[in-house]
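With the sequences and hints as input, model every part of the structure.
Residue numbers (numbering that gives the first Met the number 0), protein chains in the order written: chain F, 0 to 296; chain D, 0 to 296; chain L, 0 to 296.
Any given hint could turn out to be false.
Taking lysine-lysine and the DSSO-like style, the derived pairs with C-alpha atoms no more than 27 Å apart in a straight line are [to be verified]:
(1) D:36 to F:139
(2) L:36 to F:30
(3) F:106 to L:269
(4) L:30 to F:30
(5) D:36 to F:30
(6) L:139 to F:36
(7) L:106 to D:269
(8) F:36 to L:28
(9) L:30 to D:36
(10) D:36 to F:28
(11) D:28 to L:36
(12) D:36 to F:36
(13) F:30 to D:30
(14) L:30 to F:36
(15) D:106 to F:269
(16) L:106 to D:36
(17) D:30 to F:36
(18) F:156 to F:232
(19) D:172 to D:249
(20) D:248 to D:139
(21) D:30 to L:36
(22) L:156 to L:172
(23) F:242 to F:175
(24) D:30 to L:30
(25) L:36 to D:139
(26) F:36 to L:36
Footprint (simulated), chain L over chain D, 3 or more residues, beta carbon under 8 Å [said to hold, decoys possible]:
(27) 44-55
(28) 278-288
The set of hints was computed from the structure by calculation and includes no laboratory data.
The C-beta atom is built at its ideal place from N, Cα and C for all residues, glycine as well.
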Amino acid sequence: MRHVISSYDFSREEFHKLFELSDEILGGKLKPNVNGKVVSLAFFEPSTRTATSFATASWRIGAKVIGFTSVEGTSVEKGENFADTIRMLENYSECIVVRHKFDGAAKFASEVSEKPIVNAGDGKHEHPTQSMIDLYTVYKVFGQVDGLNFALFGDLKYARTVNSLLRALTRFKPKKVFLISPQQLRARREIVQELNYEVIERDNPYDVISDVDVLYVTRIQKERFPDEMEYEKIKESYVVDLKLVEHMKKDSIILHPLPRVNEIDRRVDKTPQAKYFYQASLGVPIRMALLYTILTG
Amino acid sequence: MRHVISSYDFSREEFHKLFELSDEILGGKLKPNVNGKVVSLAFFEPSTRTATSFATASWRIGAKVIGFTSVEGTSVEKGENFADTIRMLENYSECIVVRHKFDGAAKFASEVSEKPIVNAGDGKHEHPTQSMIDLYTVYKVFGQVDGLNFALFGDLKYARTVNSLLRALTRFKPKKVFLISPQQLRARREIVQELNYEVIERDNPYDVISDVDVLYVTRIQKERFPDEMEYEKIKESYVVDLKLVEHMKKDSIILHPLPRVNEIDRRVDKTPQAKYFYQASLGVPIRMALLYTILTG
Amino acid sequence: MRHVISSYDFSREEFHKLFELSDEILGGKLKPNVNGKVVSLAFFEPSTRTATSFATASWRIGAKVIGFTSVEGTSVEKGENFADTIRMLENYSECIVVRHKFDGAAKFASEVSEKPIVNAGDGKHEHPTQSMIDLYTVYKVFGQVDGLNFALFGDLKYARTVNSLLRALTRFKPKKVFLISPQQLRARREIVQELNYEVIERDNPYDVISDVDVLYVTRIQKERFPDEMEYEKIKESYVVDLKLVEHMKKDSIILHPLPRVNEIDRRVDKTPQAKYFYQASLGVPIRMALLYTILTG
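In structure tokens, the structure reads:
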């Protein structure tokens, strides 16, 4: 039994094992079957993409899915506390996938539950299964994760996918890691300080874009700015458009955890660099591999 | 692989094949099994009946069901666009059932998705699987669809079930087709003009009711009238009550896509003509037949 | 085929049969399989715990689950009446689990439906499957239900779990049954009068607590008091805290249907008397036993 709370919960070897398991699933060599074990979705913060992806992965490995994908109409609304809800699901299922708006909620759930907890995003903290998808996509395209130049782009301060990805990269040997964001949305100091590789911080994507192998895009949200004028000023500089893509290497790739709003121009979808839909398609097999490992481990 | 967007997507032979497949399922001769393929429900417009019917049909043929039956708590609320949501579900599933409040949404989804799209109602446009149920009910009761007198009754302008039924009837040889509605809710000219049979339009159901074999009732909604007085005036004339049923043939039938509010008096439920609950009971087998055809085709 | 509307629908022998079936399921001797029959959840009043418990029980016996756990986005919102919704689910499934805010809703559903109805809570009336869990917990801990002293504590007037438990106890031979509540929330006279055992009513738990084997706690809701001052006065006296537990017998137990808000101090969770999480864990096996009995009966 193991919990998946942070990218740090996986070693380099374990990441590679997951990639290989996922390859076997995609290739039809492995037909995982957990024989009707039950997976709980405990989405205190709503999400279609992630919830549906976990549900699909669960069904496809022969599990059953229960739980909720929004707290409306749940006991949470009657005032039940988080721990009691987790204890309920612990009784019902063999694994609990938790999403919550508070940092640390998944960790707290893991202290309450004797069944494995999978963090599907907790506040501004982490979203480790997204990093598994991200790096699996890199692995599929480049054959490996090591030796590449990464650029994380957009909101690096509040995006939990960024925290998880930065931490996941400590398990590999990236060549260069660029962090491209407005001053207000720089990656958090406490995370940057704990990394075992150096990062290069920039405001302007054009300074480094021609050097990038993997461009990882996150959305900048208006709400992060105290002043709408501030937001309007920087907004345009943090959109991936055809002009930016022209400066990218031929064999570089653009990733995005999705959903995307305006931060990638739709015309980019047809460039060879656009790999975010392919990336999304890898969410189900890698989560199948993860849940299968947890439920049969 | 095929999409089901309009009643026009099915030929006379294909309708009959569906009816026969559904007969085999009901009779227990065929136990369809798609071995865990995944069906997505993408209900951007909420619906219990149709969503539950598709879900039941999917589970009963051995499929798994994912997706959403309301957009609350979905990425759609975060601003994700329709195409990206469809692309997500395309990654997760072998077939996508779409309901949307906009005309043409299903068609648009079929242009984005490489997986088959089933239109479960798009705005005021079409709802083709409802017509399959409607005509399958006629087929079960009368042994055939040809040679009968149909009357479509109520709101013929905004009801997508009416559009789909009128178009589905082009695949058969109805004897007479009466369209009974207030002036304001006449069937759309562009649809009437494309039909390969003649229609007879009337205001007053009593003019033709004794001639009708199949009375197809739809609800008139107050919101369709700019002036509530207008609505109050016509409301009573478009209710199926015991008095109207008395004028109907002994072996005629009353259909309704349900849910029904006040447009059929509850006392009618016990008349031999009332076949709308029987009709509803055929929703699952015919959708089993359709999904089975799509998923194994 | 049978409906489960009230605790009265089960005889002493049938309660014991359920307990034994549930024991076999827990012990792994019985692996119930209903081969894909369909269970409907018709939760007109939202509930996570009960809905998820029934869903889990259904999946674990090889059933499929359809329906709704909240009326938002359902036909009910379009004005469809309750009977038509039940008739819809009757077409789709082999069993319908109903929760509704109106007393008598489950009974009414059973008059409409030819498929078995399971009452999962109707207004202030009953919640019979909760009593099955309650008494099964007693049976597991004490080896039997007879000969024990029960105390029902808190809101005895509006809590449907109390009505069902009082009625279920008529099938057994409780030694003493204490009813501990404020004057305003006394158990209903019409229910007390129909019981085949005597009850002892008290305001103050300390009068009887040292005599109690099974303390059954329910939440007192502020809304029940016309005057908030009234509520504030009595509130503190109806909380189970460490002080009260100190007066309890070593081998007595505390039960609660959950969710719990403040009526049991969280520090009580670690006392040996606290059995409400264990009780919750028995919800799934006893409901598996019940649904299996209904679906194969």
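Evaluation of the provided hints:
The suggested pairing of residue 36 of chain D with residue 139 of chain F holds, with an alpha-carbon distance near 25 Å, which does not exceed 27 Å. The hinted pair formed by residue 36 of chain L and residue 30 of chain F meets the criterion: a straight-line CA distance of about 25 Å does not exceed 27 Å. Between residue 106 of chain F and residue 269 of chain L the alpha-carbon distance is near 21 Å, which keeps this suggested pair within the 27 Å criterion. For the suggested pair residue 30 of chain L and residue 30 of chain F, the alpha carbons sit about 24 Å apart, so the restraint of at most 27 Å is met.
Proposed proximity of residue 36 of chain D and residue 30 of chain F is supported: the alpha carbons are some 13 Å apart, at most 27 Å. Pair hint residue 139 of chain L plus residue 36 of chain F holds up; C-alpha atoms about 25 Å apart against a cutoff of 27 Å. For a cut-off of 27 Å, the pair hint linking residue 106 of chain L to residue 269 of chain D stands: about 21 Å separates their Cα positions. Distance hint between residue 36 of chain F and residue 28 of chain L is fulfilled; the C-alpha atoms sit about 17 Å from each other, no more than 27 Å.
Between residue 30 of chain L and residue 36 of chain D the CA atoms are separated by roughly 25 Å; this keeps the pair inside 27 Å, and the hint holds. The suggested pairing of residue 36 of chain D with residue 28 of chain F holds, with an alpha-carbon distance near 18 Å, which does not exceed 27 Å. A threshold of 27 Å between alpha carbons decides the hint, and for residue 28 of chain D with residue 36 of chain L the separation of about 17 Å falls inside it, so the pair holds. Distance restraint check for residue 36 of chain D and residue 36 of chain F: the Cα-Cα separation of roughly 18 Å lies within the 27 Å cut-off, and the hinted pair is therefore satisfied.
Taken as a hint, the residue 30 of chain F and residue 30 of chain D pair is honoured in the structure, with Cα atoms around 24 Å apart against an allowance of 27 Å. Only pairs whose Cα atoms come within 27 Å are accepted, and residue 30 of chain L paired with residue 36 of chain F is accepted, the gap being roughly 13 Å. The hinted pair formed by residue 106 of chain D and residue 269 of chain F meets the criterion: a straight-line CA distance of about 21 Å does not exceed 27 Å. Taking the CA atoms of residue 106 of chain L and residue 36 of chain D, the gap is about 38 Å. The hint is violated against a cut of 27 Å.
The straight-line distance between the Cα atoms of residue 30 of chain D and residue 36 of chain F is roughly 25 Å, inside the 27 Å bound, and the hint therefore holds. For the hint pairing residue 156 of chain F with residue 232 of chain F, the CA-to-CA distance comes to about 18 Å; that is within 27 Å, so the pair holds. With a C-alpha separation of about 22 Å, the suggested pair residue 172 of chain D and residue 249 of chain D falls inside the 27 Å cut-off, and the hint holds. Annotation: proposed proximity of residue 248 of chain D to residue 139 of chain D holds, straight-line Cα distance about 18 Å (limit 27 Å).
Restraint check for residue 30 of chain D and residue 36 of chain L: satisfied, since their Cα atoms lie roughly 13 Å apart, inside the 27 Å limit. Restraint check: the Cα-Cα separation between residue 156 of chain L and residue 172 of chain L comes to about 23 Å, which is no more than 27 Å; the hinted pair holds. A C-alpha spacing of about 23 Å is found between residue 242 of chain F and residue 175 of chain F, which places the hinted pair at or below 27 Å, so the restraint holds. Between residue 30 of chain D and residue 30 of chain L the alpha-carbon distance is near 24 Å, which keeps this suggested pair within the 27 Å criterion.
As the CA atoms of residue 36 of chain L and residue 139 of chain D are separated by approximately 25 Å, the hinted pair is consistent with the 27 Å bound. In summary, the hint linking residue 36 of chain F to residue 36 of chain L is supported, as the alpha carbons are separated by about 18 Å, within the 27 Å threshold. As drawn, the stretch 44-55 of chain D meets chain L at 8 residues by the rule of a beta-carbon pair under 8 Å; at three or more, the given contact holds. A stretch counts as covered by a chain when three or more of its residues have a beta carbon under 8 Å from one of that chain; for the stretch 278-288 of chain D and chain L the count is 4, and the coverage holds.
In summary, the structure is inconsistent with hint 16 from the numbered list given earlier, while agreeing with all the others.
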